[in-house]
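K.L.:
Chain by chain, the residues run as shown.
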Amino acid sequence: MEKHVGTDRVKRGMAEMQKGGVIMDVVNAEQAKIAEQAGAVAVMALERVPSDIRAAGGVARMADPTIIEEVQNAVSIPVMAKARIGHIVEARILEALGVDYIDESEVLTPADEVYHLNKRDFTVPFVCGAKDIGEASRRIGEGASMMRTKGEPGTGNIVEAVRHQRLIQSQINKIVNTSTDELMTEAKNHGAPYEVLLDIKERGRLPVVNFAAGGIATPADAALMMQLGSDGVFVGSGIFKSQYPDKFARAIVEATTHYEDYKLIADLSKELGTAMPGLEMSSLEPQERMQDRGW
Amino acid sequence: MIRIGVLALQGAVNEHVNALRAADVETVIVKKAEQLNDIDGLVFPGGESTTMRRLIDKYAFFEPLKQFAAAGKPIFGTCAGAILMAGDLAGEEQAHLGVMNITVERNAFGRQRESFEVALDISSVGESVEAVFIRAPIIQKAGPNVRVLAEYDGQIVACQEGPFLACSFHPELTEDNRLHQYFVQMIRELKISA
Chain Z
1 MEKHVGTDRV KRGMAEMQKG GVIMDVVNAE QAKIAEQAGA VAVMALERVP SDIRAAGGVA
61 RMADPTIIEE VQNAVSIPVM AKARIGHIVE ARILEALGVD YIDESEVLTP ADEVYHLNKR
121 DFTVPFVCGA KDIGEASRRI GEGASMMRTK GEPGTGNIVE AVRHQRLIQS QINKIVNTST
181 DELMTEAKNH GAPYEVLLDI KERGRLPVVN FAAGGIATPA DAALMMQLGS DGVFVGSGIF
241 KSQYPDKFAR AIVEATTHYE DYKLIADLSK ELGTAMPGLE MSSLEPQERM QDRGW
Chain S
1 MIRIGVLALQ GAVNEHVNAL RAADVETVIV KKAEQLNDID GLVFPGGEST TMRRLIDKYA
61 FFEPLKQFAA AGKPIFGTCA GAILMAGDLA GEEQAHLGVM NITVERNAFG RQRESFEVAL
121 DISSVGESVE AVFIRAPIIQ KAGPNVRVLA EYDGQIVACQ EGPFLACSFH PELTEDNRLH
181 QYFVQMIREL KISA
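From first to last, the protein sequence lines stand for chains Z and S. Per this note's numbering: the first sequence = residues 1 to 295. Per this note's numbering: the second sequence = residues 1 to 194.
Keep in mind the hints are simulated off the structure, nothing from the lab. Hints may contain errors.
[Unchecked claim] Quick list of in silico lysine-lysine cross-link-like pairs, BS3-like style, CA-CA up to 27 Å:
#1 S:Lys-32 x S:Lys-141
#2 Z:Lys-270 x S:Lys-31
#3 S:Lys-191 x Z:Lys-263
#4 Z:Lys-33 x S:Lys-58
#5 S:Lys-58 x Z:Lys-270
#6 Z:Lys-3 x S:Lys-73
#7 S:Lys-141 x Z:Lys-247
#8 S:Lys-32 x Z:Lys-247
#9 S:Lys-31 x Z:Lys-263
#10 S:Lys-191 x S:Lys-32
#11 Z:Lys-247 x Z:Lys-263
#12 S:Lys-73 x Z:Lys-263
#13 S:Lys-191 x Z:Lys-247
[Stated by the list, open to error] Reference listing, derived: stretches of chain Z covered by chain S, where coverage requires no fewer than 3 residues with Cβ under 8 Å from a Cβ of chain S:
#14 217-230
#15 251-258
#16 277-286
We treat Cβ as the ideally placed atom computed from N, Cα and C, and that holds for glycine.
If we strip away everything but chain Z, and leave its shape as in the complex, we get (with noise of 0.2 Å):
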């Protein structure tokens, strides 16, 4: 009986026991139990919410360890923590710090600005963002195993990961209803490796889960995602930077569970308080559009 680890299967297997959970952004310990009672299914541990960074400009790198660790410390479910774009090292820290997931996200400031990380060499799980479906399949040849949509974290704003999510579906559709003698030409025009479209178009989705990210704000907006094929929700800045997060957190995960049930997302929407305040994308210059890097 010879074991294996960091297998494809127990990668993306963790990933599959996430489904229909929401995975918050958290600071500190005391936010991160607040989000574990809430109910959330993991937490990202990071040094400042997406919203923060903006706000403070400059390099933003991955966190303090000691913020890791203290969170690590204070809950029992996963904790995953971001490190920068083609940052091997700190990817490396983050593994040693055993971290449960990495997400290689354009929510710090690129370290390499052609390679993304060689994910298969980790043992550590990877999820990364892709606003298409190109570079979803990219990020999965690297051997991410769990995407994300981009959306434009720390906006509060839904209407870029709306975009992603409902681009990379139909092009889901499109690859499937395109015959195998056309797929190389599909894996040309998107800049995909065509064993991924391949794997893709047998199994109707994507070959990893899929959740969405980068805006959500309300109950409504996570059950607005989900209803759009996603396999559940990163709620970053939304949660804390709302004015009663506990809150906000319970009714985020309920919504998100009961997505269709409508009554119910009523009520819990009611008396939440003041969401995070919201940021119109015509408002950011391109060099504050963090979606835009990663390639």
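For chain Z, the structure is supplied; the task is to place chain S on it using the hints.
P.N.:
Frame of chain Z, contents of chain S only:
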């Protein structure tokens, strides 16, 4: 035809549905407690046990699930599902449904980087059954009426107590559905004897 429900509050629901369909039974995705009345058996899928427990409480599933178990209807729990079924949780004050006389230790193998897959011999089920362990629990102690079906590294990872079946790992993440077939067989035998 046998109808088996999969508790669908959170977790890897579809994988169980597919494995059960391959074992030739009708499946029901259970989101409301009243659906428990229409099924012959229930699967607690893998996922996050704390999340599932919160949603069990919130949507008034707790008592109906206890009654389902008390009526002797079969339940199969994988990973987080086994945690929900345990009578005791090591290092924690409160267990969840407590339908099996077992003590379960959560995350017993460590963090995700320690997660693994292995081929297991499971008594009554088969040899070299593919088993995927993800931040898996172990069954630390088992009561006198619990039959140990499989061990790994000296620890119990699959067991049965009457109509209740629990395992630490995820048979639903593999194409090997012998454990699901075994669960279906358990239900068939109960139906015949009833």
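K.L.:
Next step is simple, just say for each hint if it's right about the structure.
P.N.:
Structure-based check of each hint:
| no. | hint | result |
| --- | --- | --- |
| 1 | S:Lys-32 x S:Lys-141 | violated, 32 Å |
| 2 | Z:Lys-270 x S:Lys-31 | holds, 23 Å |
| 3 | S:Lys-191 x Z:Lys-263 | violated, 38 Å |
| 4 | Z:Lys-33 x S:Lys-58 | holds, 19 Å |
| 5 | S:Lys-58 x Z:Lys-270 | holds, 17 Å |
| 6 | Z:Lys-3 x S:Lys-73 | violated, 34 Å |
| 7 | S:Lys-141 x Z:Lys-247 | violated, 38 Å |
| 8 | S:Lys-32 x Z:Lys-247 | holds, 23 Å |
| 9 | S:Lys-31 x Z:Lys-263 | holds, 15 Å |
| 10 | S:Lys-191 x S:Lys-32 | holds, 24 Å |
| 11 | Z:Lys-247 x Z:Lys-263 | holds, 18 Å |
| 12 | S:Lys-73 x Z:Lys-263 | violated, 32 Å |
| 13 | S:Lys-191 x Z:Lys-247 | violated, 45 Å |
| 14 | 217-230 | violated (count 0) |
| 15 | 251-258 | holds (count 4) |
| 16 | 277-286 | violated (count 0) |
When held up to the earlier numbered hints, the structure conflicts with 1, 3, 6, 7, 12, 13, 14 and 16 and fits the remainder.
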